[in-house]
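*Asks:* So the sequences go chain by chain: A and B.
Count along the first sequence from 1, add 1, and you get the number used in my numbering.
Count along the second sequence from 1, add 17, and you get the number used in my numbering.
Everything labelled a hint here was simulated from the structure, so no lab data went into it.
Even glycine gets a Cβ: it sits at the ideal position worked out from N, Cα and C.
Heads up, some of the hints might be wrong.
[As the list claims (entries may be wrong)] Where chain B lies over chain A, by a calculated footprint (3+ residues, C-beta under 8 Å):
#1 27-41
#2 288-300
[Unchecked claim] Ranges of calculated distance between the beta carbons of each label pair, as one might list FRET restraints:
#3 Lys158/B / Ala70/A: 49 to 59 Å
#4 Leu59/A / Thr49/B: 17 to 27 Å
#5 Asn142/B / Trp300/A: 40 to 50 Å
#6 Gln38/A / Cys123/B: 30 to 40 Å
#7 Ala112/B / Glu221/A: 48 to 58 Å
#8 Val67/A / Leu122/B: 38 to 48 Å
#9 Glu221/A / Thr45/B: 38 to 48 Å
#10 Leu52/A / Lys88/B: 24 to 34 Å
#11 Gly93/B / Ala70/A: 41 to 51 Å
#12 Asn142/B / Met112/A: 52 to 62 Å
#13 Ala79/A / Ser92/B: 53 to 63 Å
#14 Leu29/B / Thr41/A: 23 to 33 Å
#15 Leu143/B / Val67/A: 32 to 42 Å
#16 Phe114/A / Leu143/B: 57 to 67 Å
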Amino acid sequence: MNELIRLLAYMLCIAAFLGLNLAYLGWVERKGAGHFQRRTGPKEVGPYGLLQPLADGLKLMSKQLVVPANADKLIYMAAPVLIMVPSVTLFVAIPFGENLVPREFNFGLIMMFAFASVAGLSILIGGWGSGNKYSLIAGTRAVSQNIAYEIPMLLTAINIVMISGSLDLNEIIRQQGSYIWNWNVFRLDKSILMPVSFLVFFICSVAETNRTPFDMGECEGELVAGYHTEYGGMGFGLYMMAEYANLVIGASLITILFLGGWQSPIGILPGPHWFLLKMYFLIWVFVWIRWTFPRTTFWGLLNLSWKYLIPFAMVNLLLTALFIKVI
Amino acid sequence: MSGYFKDIVTGLKSLVVGMQITNKEFFTKPITLQYPHQSVKMYPRYRGHIELVKDPETGRNRCICCGMCEKGCPSGCITVKSEKKPGVKGKVLTAYILNFTTCSLCGQCVENCKPEAINFSNEYNLASTRREDYIFDLLQKLHPEGVPEPEVDPELLKKEQEKEEAAKKAAAEKKAAAAKKEAAPKAPAKEGGESKAEEKS
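Chain B with its partners taken away, still in its complex shape (with noise of 0.2 Å):
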């Protein structure tokens, strides 16, 4: 009978504990972030898809077009398309293609990449009705207001001159030889095809 009132006492007592708790929180302030209007703060860690990296020097992309995260691509879903330009060394990156409705984010592009041209974004925003708008650019993405012209190294631009130029000569020449060379065996080729002619008939 002794444990009946207690059991009364101690069950009003926390009824009333839990009823301030529940009052205190009423006066706090809320701590709901309204989604569509703010966004979290994503951690650096966060892996959301690939971007590429901007040098801090240069301010371009550190992409040297190897292609190895295209290689390393599980789902296939990277293309880089580049192309050699007069006075740059080595090739210029002109589209970096990220298919993301296939990628499944395993990051072996990341690992891939030699130059560390390549990381994780935080973007999560990704929300959209269309296939279509998953399909990046992501050099259009590192420089949305226009892809800067890659750095002209003058002294290696004369030097690619004067190699065209050499080759061009070098080609010239070689034409030459090649049409000199073509006067000697262009009759024996046409009676060996009118032998061939008669044989068969």
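Looking at chain A on its own, in the form it has when it is part of the complex (with noise of 0.2 Å):
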């Protein structure tokens, strides 16, 4: 019974947080793309377009869905539900407060990552079944850069594993200290290079979210819009829905392995505040990243990762276990 509580608790509390989450964040992005760009953003619907979103809600709703006649069906319909189900259901494993987590897994960290790549594998089947070749390079893009970014992440999320020694992402964020210095990122006596893994694993969050500088599945200027280019609707609005959980939990694992999630950096009141304070700061960052940066070229992409975040990544891992051995 009282299992059964929890789970409904978690559930409405989930739907909440997501469903409020999903909806401003695309108002975030939107205003501070205007401001990033000395624009006002959405101001009309609503004080400051604060009801923008209800009414992009309400827009896509109404819309009728429409299926291509080359796309198999099937997989057309299927891919966008697909792509929001690991996105939410990863919220299961994520610690906001020291008791406030839906569910206690001892391999977090490990079920984090394998869902995270199913997003990868909607993306796409999304490209596949539209019928569309301009929606499957897109998704073969947006695949093939997953699997390039996901190494140098998995890397350097062994580090963290290396140095808390568990897998539980409650028991990574006790393990770090209640004061900024005992956070994972300025861990120097673990490894002197924890920063640039920091940052290794921070710009693997942005590629892996599939967002600018690295949103090589959705550039309009070859690919029309990119996997979803076939997608009306709520189809699209899933998708859109998608991208913001993804960012969501890119930014809570940063904040999980990196920052010491609900550790309080002054060390006074731990709790979920400083976690959702950290989470948005990154979620924010993401959203400037964005605004500033002009999309690279794939090359590029490829080059970055397999030229220098992955040796990066390597030699960090070396360090690591080297400092764990002999100190």
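Fit chain to chain and form the complex, with the hints in mind.
*Replies:* Put into structure tokens, the structure is as follows:
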């Protein structure tokens, strides 16, 4: 019975949290995009355009679902749902506070990466099922990019696992102390390359969420709109929402692994508010990056991964192993 | 190998510079003009549709109703309507109709206008869903509160009235003369008509 209540509470809270975030991160992004370019962003619907997500949602929901003639209907319809499923599921393992975690897994980190890679797959099948060559190209691009960036991401995640000796996300947070210098970013006693490691992980998160400068799956100039070219109405809406869900998850993961999760930076009042503060700051940085840098070329993106990120991640891995063994 | 690390350092530096620029822009005031609520002040040399020029001395238009604009218009979108009014020198403009749907803004009318009575306006907010909204009466546009009556010159009016009376008199005399004349040739005409009828039968 207790377990059932917990489950229901989780479902309700996550649905509310996700719904609010997915709607209003879109608003934040548009507002940010506007102001970074000295425009105003949405401002007509409601005060400061705050009702804009509602209007957008209504508009998308009232659209007819059109399946292209060439499309593989089952896959076409399943892809947008499939992209949302892992994103929503992943919230089950995220520890927002010390006791505010839907379910404590002792293999949380592995679960995160496992489900995150399903999102890449659903992008590919969305592109494939559309029956449109541009969508297919976009899908394959997104997948090859995801593969290229998952390697350095996992290599840096192994660092953290080696340092904390656990795959449990809450345990990883607990081991980072309640002061800023105890967080994994600044734990130079474990490896002097930890800040670099953080940077590598951060860049990989940007690439994993398919955001500018690494949004090869969505380059309008070459591929119409990318893997969701053929989608309209709520199919498109789900893709957009999944992007923000992945953004939240990526920011949460960085917060958990490197920035001490719910730990307080000044040693007082640890709790979910610190977690949310760090997460939203990271999301803001993501938005900031998106509206600052132009898109890289595809080879530039792969170059960055194979020539810079992976060697650095490997060197850091060796250094961490050395530090843990020797010191 | 030295180029490798140099690339990383300069690359990261350039990224930071870029982020600083957008951050600075974020905190500056947006320069967006909220169009339906605000509108741009147009430059004086902007060539909108033509408009009648208001003479600053008289407060009326300067049109002499010569019709040169109408004749010079390659798309025939100008119609000048005028009439003669008692006591006013020259013709008086009663309507200046511009059909803006066919106007190509070539400016021939402005070029042709001797008294510089028409000019390009600065108006650019001309969106409408009805075609009739683009048939402007420029005279109404110049005087939206009502077209003022033309100035009457009393001397000219007197002269004109005298002239008119004289003309009336002349006309009456002429009429009388004509009536006299009419009586004489009436009979032969009748006869001629009858003879013609006879010939035919």
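*Asks:* Confirm or reject each hint.
*Replies:* To see whether the hints hold, each was checked on the structure:
no.: 1; hint: 27-41; in the structure: holds (count 8)
no.: 2; hint: 288-300; in the structure: holds (count 5)
no.: 3; hint: Lys158/B / Ala70/A: 49 to 59 Å; in the structure: 54 Å, holds
no.: 4; hint: Leu59/A / Thr49/B: 17 to 27 Å; in the structure: 25 Å, holds
no.: 5; hint: Asn142/B / Trp300/A: 40 to 50 Å; in the structure: 49 Å, holds
no.: 6; hint: Gln38/A / Cys123/B: 30 to 40 Å; in the structure: 39 Å, holds
no.: 7; hint: Ala112/B / Glu221/A: 48 to 58 Å; in the structure: 52 Å, holds
no.: 8; hint: Val67/A / Leu122/B: 38 to 48 Å; in the structure: 42 Å, holds
no.: 9; hint: Glu221/A / Thr45/B: 38 to 48 Å; in the structure: 27 Å, violated
no.: 10; hint: Leu52/A / Lys88/B: 24 to 34 Å; in the structure: 57 Å, violated
no.: 11; hint: Gly93/B / Ala70/A: 41 to 51 Å; in the structure: 50 Å, holds
no.: 12; hint: Asn142/B / Met112/A: 52 to 62 Å; in the structure: 59 Å, holds
no.: 13; hint: Ala79/A / Ser92/B: 53 to 63 Å; in the structure: 59 Å, holds
no.: 14; hint: Leu29/B / Thr41/A: 23 to 33 Å; in the structure: 32 Å, holds
no.: 15; hint: Leu143/B / Val67/A: 32 to 42 Å; in the structure: 37 Å, holds
no.: 16; hint: Phe114/A / Leu143/B: 57 to 67 Å; in the structure: 59 Å, holds
The structure fails to meet hints 9, 10 from the earlier list, while all remaining hints are met.
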